[in-house]
Amino acid sequence: MRHSTTVTIGPRTFRIGSDWRAPVDAVDALYRDYPAPASLIPDYTVRLEAAKFARRLIRPSVAICGDYTLPEAVPQSLAHGLISAEMAMNLQMALGERRFLLLHASSVEKGGKVLIMTGESGSGKSTLSALLASRGWRFMGDEFALIDPLTGDVCPFPRPISLKNEAIGVMRGMLPATRFGPLQADTAKGDICHLIPDDAAIAAMHNPAPPALILFPAYGLPCDIRPVGKSEAFVRLTQASTNYTALGEAGFDALARLVKNVPIGAIDYPDTDTALALVDELWAALP
Amino acid sequence: MGASTYAASLPFKSVALDGLSAIYHGASGATHVVAEPVPQILEALGGDTLTLAELLARLGADYDLDDDAEAGLSARLDELVALGLVIAR
Amino acid sequence: MGGTAMIDARLLTKTLSQPSYATRLDARGWTSLLTIAHAERLTASLAWRLEGLKVPPKAAAILAEAKASAEVGRTHALWEAEMARRALGPLGLPLILLKGTAFAAAGLDAARGRLIGDLDILVPRDWLNEVEAALLGAGWEWVKPDPYDDAYYRTHMHELPPLIHAARDRMIDVHHTILPLTARVKPDAAALIAGAVPLGDGLFTLSPPDMMIHAVAHLFADGDLNGGLRNLWDIDRLIREHGAVPNYWPQLIERARLHGLVPHVSRALRLSQHLFETPVDAFLAYEARKGDIFYMGRLLARNGWGQETRKIVRLAFYIRSHWLRMPPLMLAQHLWVKWRRG
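Residue numbers (the numbering used here), protein chains in the order written: chain Y, 1 to 287; chain E, 288 to 376; chain W, 377 to 718.
Heads up, some of the hints might be wrong.
Among chain E residues calculated to face chain W with C-beta under 10 Å, some are [stated by the list, open to error]:
no., residue
1, A317
2, P324
3, P326
4, G371
To spell it out: a stretch of chain W is covered by chain Y in this simulated footprint if at least three of its residues, at any positions, have a beta carbon under 8 Å from a beta carbon of chain Y; those stretches are [unchecked claim]:
no., segment
5, 407-413
6, 426-439
Hints in this document: simulated from the structure, not taken from any laboratory. Glycine included, every Cβ here is placed at the ideal spot set by N, Cα and C.
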């Protein structure tokens, strides 16, 4: 492939090839603070290809290819090259990861213990993780929480946080402009802007830590805290995992251990300040 | 169903989670979340092959059973056979 | 053409044939090898071939994960066969397994590291309606309820339209013969079924020669040879396991004649011998044909980034290849073709 680069996030290295220079330059800029990979052999290969030969120059359209693909995926516009690269890397993890149990969750660490927040799009797990990271917590990931079946620890996957729409303005108001990637306007999910994790999060990207609290956040509801039963949590977490079944017995062991050992709650919140207060309250109450 | 004996489909792993249990079934790779008396039935079967009566007796030794326990047990066993957790012969 | 464009799937076939070859690879070579293996769905098979060899830690981790993943898939596939057996058992039909599930159920070497997708079974054409009804009654559903596709499938294809089990989310392909009805070759489906071998517990596989012939039909049925290397690897593994059994080769010849697939079997043997050094019967593999190069080109058309390079039909014989020497016969063929075109 004409242009290429590699990106290392936590335990995973992605080789990214591209028919155009622009997406590779954009990736290199966004990941400029990230370390070089420990191994020259990547875990996954991703290719951003011209959707059809003629379209490479005329109305360029980026097809996401690589080790794992979704044949029905719609090609993205070249202007959103960073989104294509991010989607491509997400896809490799979601479809290909076999070493770690993957949960659709954000994770942040404080005092050597990890808070996992899991939920659908719109639950606010990404935004909450960004906010907590700006208040002294170590950012470990916003999209995937990696659970190590061997140790039960959460492994960091601190990719740049994909902020959407209103969340962009909120975070931009708090943090220096250098922490943000270029605005990706008018994508299928609205405006997207990436928040680069701080130096401490990137420096600690190979440091796992044990989970201490799991929360199911729900945005836009009156304030409420409730415990979640272990078996309910078990079932909901299998649904929140892209690779539970593929891991077989190791997946069962990892999830059973996680659910048995870690307190699990649900928080409903009308605004992020409330959510942050609830988190503080629950975290302080931990043994 | 006319089966005369029952045996648990080994290996499986069972983890108790607040009133329900999560079970990983080796032969199918499937995970089941089950309520009482399934974990108790599987535990009573152990590694043995038992008739309905023998299984009922084993369960009766450790638990108080209802009058219609036999019918209930038979129905639960049919469900477990359908899932693959119990093998009927 | 840049450096990486010279890499094709021979990097993979050479390593599968001679695993120690991998110990000479640098990081870039490993990257290409693993990417090609993944694209050809052969990573776990490669992992088994490389077992015991000293490989870079990252490569070892990737290979180990692929192996473990294939094992989980095997469990799911065999369970799917069991569920099909339960659904179809009451019909009194032998449940004849095909492809990967058959290899796994029979404990064949071809099953090691093999990724298994759908469950493929073979049933008599006369029983299709009953089989369909039994599966629908046991929780399977149609994947695509499109009347046009449906009618086309039933009239022209060698299988029912695809069915998927709602709860387990796995597909079953019910075949009634091994090539589409529109193909010029008409294998003898009844003979395939009559020759099926019991595994016990109501499960059957095709006989060893028929299993090989099915693999051959499957290899060439897709004109593009999509996934062809994996099919050819199946053939290599089957031959190595069954080829030493007395009477295998005469039976294979006889069955190939019966099913009208002698030239296809012959070509598959030549391709397998050339790419995987498979020990084949010289009589059946006889008569290298000019078309072989064309098929080889398509089978190997994968670059170090995992892209299909089928637009490039020429093989890179004459571009410096560090890894393979063409045997004189193939090289002579190629030069002849080149001379004819030139």
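Inset, instruction - Please flag the earlier hints that this structure goes against, numbers listed from lowest up. - result: 2 and 3
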